[in-house]
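A.B. asks: Sequence order for the protein chains is A and B. Taken in order, the first sequence gives residues 1 to 440; the numbers are from my numbering. Taken in order, the second sequence gives residues 1001 to 1327; the numbers are from my numbering.
The set of hints was computed from the structure by calculation and includes no laboratory data. A few of these clues could be false.
Subject to a maximum C-alpha distance of 25 Å in a straight line, what follows is the list of computed DMTMM-like cross-link-like pairs (lysine to aspartate or glutamate) [what the hints assert, rightly or not]:
id, chain 1, residue 1, chain 2, residue 2
1, B, K1297, A, D85
2, B, K1167, A, D85
3, A, K280, B, E1239
4, B, K1326, A, E227
5, B, K1081, A, E375
6, B, K1297, A, D265
7, B, K1080, A, D265
8, B, K1095, A, D265
9, B, K1106, B, E1265
10, B, K1137, A, D71
11, B, K1297, A, E77
12, B, K1174, A, D71
13, A, K280, B, E1198
14, B, K1326, A, D29
15, B, K1174, A, D277
16, B, K1095, A, D85
17, B, K1174, A, E375
18, B, K1080, A, E375
19, A, K231, B, D1324
20, B, K1081, A, D265
21, A, K280, A, E77
22, A, K280, B, E1175
23, B, K1167, A, D71
24, B, K1098, A, D85
25, B, K1167, B, E1144
26, B, K1080, B, E1230
27, A, K280, B, D1173
28, A, K229, B, D1324
29, B, K1167, A, D277
30, B, K1098, A, D265
31, B, K1167, A, E77
32, B, K1318, A, D29
Which stretches of chain A does chain B cover? Using the computed rule of at least three CB atoms under 8 Å from a CB of chain B, they are [claimed, not checked]:
id, region
33, 7-16
34, 111-121
35, 239-251
36, 259-265
Glycine included, C-beta positions come from ideal geometry on N, C-alpha and C.
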Amino acid sequence: MSGHSTYNPTSGIGKWMDARLPLARLVHDSFVSYPVPRNLNGFYTFGGILMIMLVSQIITGVVIAMHYTSDAATAFESVQLLRRDVAYGGTLQAWHAVGASMFFVAVYIHIFRGLYYGSYKEPREVLWILGVVIYLLMMATAFMGYVLPWGQMSYWGAQVITGFFSAIPLVGETVREYLLGGYSVGSATLNRFFSLHYLLPFMIAGVVILHVWALHVTGQTNPTGVEVKSKQDVIPFTPYATLKDALALVLFMALMCYFVFFLPDYLGHADNYIPADPLKTPAHIVPEWYFLPFYAILRAIDFNIGIPFTDIVLIDSKLGGVLAMFGAIVVLFFVPWLDTSDVRSANYRPLYKVFFWLFAINAVFLGYLGSRPAEGIWIPLMKATTFWYFAHFLIVMPLLGFFEKPKPRPASITDAVLGKAELSGASQLAGSTAAPETKS
Amino acid sequence: MRPSWPDRPLHQKQKANRQDCCQSCITLVAQFSIERLNSMKSIVSKLLAAATASIVAAGVFLGTAFAAEEEGGTAHYPIKKPREQSWSFGGPFGKWDKGQLQRGLKVYTEVCAACHSMNLLSYRNLADLGYNDDQIKAYAAEYEVTDGPNDDGEMFERPARATDRFKGPYANDKEAASANGGALPPDFSLLAKARAPERGFPTFIFDIFTMYAENGPDYIYSLLTGYPEEPPEGVEVLEGLYYNPYFVAGNALAMAPPLSEELVEYTDGSPQTVEQYAKDVSAFMMWAAEPGLAARKQSGFIVLLFLLIFAGLLYFTKKKVWADVKH
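With the rest of the complex left out, here is chain A (with noise of 0.2 Å):
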């Protein structure tokens, strides 16, 4: 897509096709002959990975909607009848469930590499909100898939999330009904959340579609944040690229096989082994760990803002903790604009990268608190490290590339992989000014 197609059909009917459809020539230009750089470290390899995630979850997920009844009387009993008695049903299950908290841990592993190498700046913004949008799509088809198999933390969990539009003023009680399909979580809305389910892994190849011609367009970014400039810079994607993508994978797989055949209950949550009971509320509803640093913002906000000094209520704790949950994934898309440093790696701005390591420490503390009670001393917690996340890109992110001094950058790919970092630091840096353009 970048650059000239390599392409050269030999066969006839290789020649007959390319000049009617060039499908061959798509997947040639995409995935053979693509020029990555060649100093591609490790954690380039999830976005593969991720591809591969999708394409397993949809395939097992098409098998498992075979055996699936989405009627509240009968969906936790076809689950378990699933698990107990169809010939490799178990494995199946194990592999869908335990397979979207993989899908979660590989989406971090990439959001948080494309955080500390800058790939979300310029040219690549468009590259990077595709990126949120897909986020966001994972975690309502993640949400709407925890809700299928119906058991205790299913339903407290819909009704929890539901309830997030029943707080917009005015309409939210409206939004809610339509969402619920009633006045509350039942049957028709275990039938929409199945449709919907089934539909939405389908948006996010789509997208997922429009985020690799994306890529395909401006090229990766790597480790030195700095573009290629010359064909010695970049190696062919096939067979470089795609056996460090295979080896990645394989690793990632067995990580994956490791819980889903030995411990298949560990990330879920052993209250969804109870069938789900409208009449028994849970002693605390959490919500599948991928989503805790969101419901520890959510509770973070237990108070109401309003005018200070009279009773005047602007925006209620509930509305507040809905807007600040939301906005914690909004500020991703702002994020390429929040950044103003030049540089793009966090290789070389010795700032950005402690900022970076604390946001990523809070986010995990984030998601631990998401786990406990809203009580004692974990609300004063959830406060501050909830402010600290959106401080991190309303006011870290702008103020670092004003007062950051980076290190100097090598001039080229090449250079920094043949060691010539030191040596050209010096010209770079007035270089840098001189000639725009070539600023990493």
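Using the hints, position chain B against chain A.
C.D. replies: For chain B alone, kept in the frame of chain A given last:
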């Protein structure tokens, strides 16, 4: 009065705390913004380091304040963590101990089944325990199930067959609850997986490496053997409840201690003690919750072996291909 979340159960105490809490938070935020404005002129790193420090400090301060208030607040259950037992089905090479499962079935049949159903299992599943078709047929035939309608349109009773589900002691949940003073005896099919007292940090991380997944049977064993003669002094137990520090949802439960010495006769020479009964029935319940557990671990071993060998081959292939590329 601010509206509270209907979906989030709030402790009374916590509600009272809210007022103070949001005051402190507003102050906290205000402090930060002033701090930030003042330091804008100085170096940003200093400012942010200070902010980080103050977050931590504020967190610790508020934390201790709240921890102090929390004491004597709501108790967390279970009071005691389950005692970890060694199980034949634990670990990467876990297998069922069929003798134990058979004993467990006997305990279930003679004691637990008086109140607890096991709806998701069929009599045919007992083949896993080492019983042959005739034995299963004979076991099932001891129960009468309703079938029909027949050609005359009438429902009729017949002895259960291997393909029938385990017959429960009650016609429905309502009857079960009413016969037990309002407390519904939970179904056994998934109970061993539906009970998992929190492991806490950092144990839950170690559990990944030790493959610990026997939380359920450990819990059931501890509960069954954990009834003390008398509740500790000063603990009030409601009428009709029995104190048990291992119970996951309170300090007492509606089930009376169900096991006692010599209650069930074992023919294989195993000790006829409460501990042994509890252990056998817990193992049985784990089997009931996931009959395919042992097979799953076995195939997992092969899958992992394959993947790791495959990864090794890929590693060396990749190394060879990349040998001429400096990266």
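A.B. asks: Does the structure break any of the earlier hints, and which numbers would those be?
C.D. replies: Per hint list: 10, 17, 33 and 34 violated.
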